[in-house]
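Colleague: Input sequences plus hints: build the corresponding full structure.
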Amino acid sequence: MKILYFAWVRQKIGYAEEINTPPLNVKTAEQLIDWLIGLSEGHAEAFANRSTIRIAIDQQFAEPNDSIVKAVEVAFFPPVTGG
Amino acid sequence: MKILYFAWVRQKIGYAEEINTPPLNVKTAEQLIDWLIGLSEGHAEAFANRSTIRIAIDQQFAEPNDSIVKAVEVAFFPPVTGG
Amino acid sequence: MTVCLQEPPFDVGLEISRMTAERKDVGAVASFIGIAREDNPDEGAEPVIAMTLEHYPGMTENQLLEIELEARKRWQLIDCLIIHRYGRFIPGDPIVLVVTLSSHRKAAFEACEFLMDYLKTQAPFWKREETETGERWVAARQTDNDAASRWATKT
Amino acid sequence: MTVCLQEPPFDVGLEISRMTAERKDVGAVASFIGIAREDNPDEGAEPVIAMTLEHYPGMTENQLLEIELEARKRWQLIDCLIIHRYGRFIPGDPIVLVVTLSSHRKAAFEACEFLMDYLKTQAPFWKREETETGERWVAARQTDNDAASRWATKT
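Residue numbers (the working numbering), protein chains in the order written: chain L, 1 to 83; chain V, 84 to 166; chain S, 167 to 321; chain D, 322 to 476.
No lab work stands behind these hints, which were simulated from the structure alone.
Fair warning: this is a prediction, and the values are worked out from it, not measured in the lab.
Beta carbons are placed, not taken as given, at the ideal position from N, Cα and C, and that holds for glycine.
There's no promise every hint is true.
For each label pair, taking beta carbons as the anchor points, the in silico distance ranges come out as [stated by the list, open to error]:
id, chain 1, residue 1, chain 2, residue 2, range
1, S, Gln172, L, Asp58, 45 to 55 Å
2, S, Thr218, V, Glu100, 12 to 22 Å
3, S, Gln172, D, Arg409, 32 to 42 Å
4, S, Arg240, D, Gly408, 44 to 54 Å
Modeller: Spelled out as structure tokens, the structure:
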């Protein structure tokens, strides 16, 4: 699974992208965050305040409870500020 | 007093402008219309349906009851359709 | 803050460039161009060959200035521009341009829409359309009155 | 119907000319340009020297297309254009252009405002501002969410 980070989430983690295979019991975006937090201090810091994190699964906006079981690409980022 | 006509009001009357001195008892725009109607068939036709006539007194939109006693210029025209 | 009543065409890109040049405080530019159309669905499908826009010299300029002043009272505008043409137009010819500049988009959008709604109902212009079967004065649209009266409650 | 995600600047006059050329059915062209500003009143008066717009390649293009499709579903648009730039900008640089063409102004205005509200909340862009004292990510604005949620009830 490809995991992407943007904006300050990317900066806190220290890189923009990682390829990772979470354990089989990681089935939702929320559970993926729980698991990512254990990977590094940067991950823990990036996800410290979860209410500020937005999620995209295969390039579609998603909710914490949405399944990532069949996902190819999951992205985490702050609320968008374009336009 | 200068009296101006625009759009189909002008066409029905046959000219765009006239200088006229209505009698002293003509005090409002409505009374001016009553008096103008007697001037020609064209005037009568132009003012036949008064609800479709808009009025400007000295280049400000006005109501039928507004005074024309001190007016220099009174204009009659259909509802505007610009933009 | 400019209002122009003119016969010649305008250049929207040039006008916006002029208004925004050297500025660092503008976040939002809203603009509207009104264009002469071939069809008038309100009066059936008979194609319009050309239209002539008659106006009330003197009063028109005053009304444009008043409408613009009213917009500047209601919204925080950095700048605004109204160009209204008169004369004869064929379908595709631009007739009116409104541009509003503000820090944020809400003010720019609202002021631009307000200006157009007020131009439609408060500026003394009259449209005469030419079709194959003759000429006709365009009737005022109730939807234009409704659009303009939306803003009355906000005074 | 075009969406562009690009680094180079755009020419609003040229884009509008292209879209309206040879057409006789367009009565209304609404447009909006979003420009980088020097000040950010939400975060105090410290001047912004530059800003960088980061985006999510792939998803951004998809979202622009979806937003544009949604606008075309909701309003009768003859054409519409979204150009969104990314990269580094200084105050005064145009960042986003939205143009909507319709027969009547109501659809053009509403669709243009809808597109901007949705771009602000649905397109994966993030702004980082540079000031004399350092850099900071711009926080999402509640007013942008409120603006976008206005349209939800109209679905």
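Colleague: Work down the list of hints and note, for each, if the structure agrees.
Modeller: We went through each hint and held it up to the structure:
Between S:Gln172 and L:Asp58 the beta carbons are some 54 Å apart, a value that agrees with the proposed interval 45 to 55 Å. Under the hint 12 to 22 Å, the C-beta atoms of S:Thr218 and V:Glu100, about 19 Å apart, fit the expected range. Remark: the range hint 32 to 42 Å for S:Gln172 to D:Arg409 is upheld by a beta-carbon distance near 40 Å. Range check, S:Arg240 to D:Gly408: Cβ separation about 36 Å, and the 44 to 54 Å hint is violated.
Going down the numbered hints, you'll see the structure goes against just number 4.
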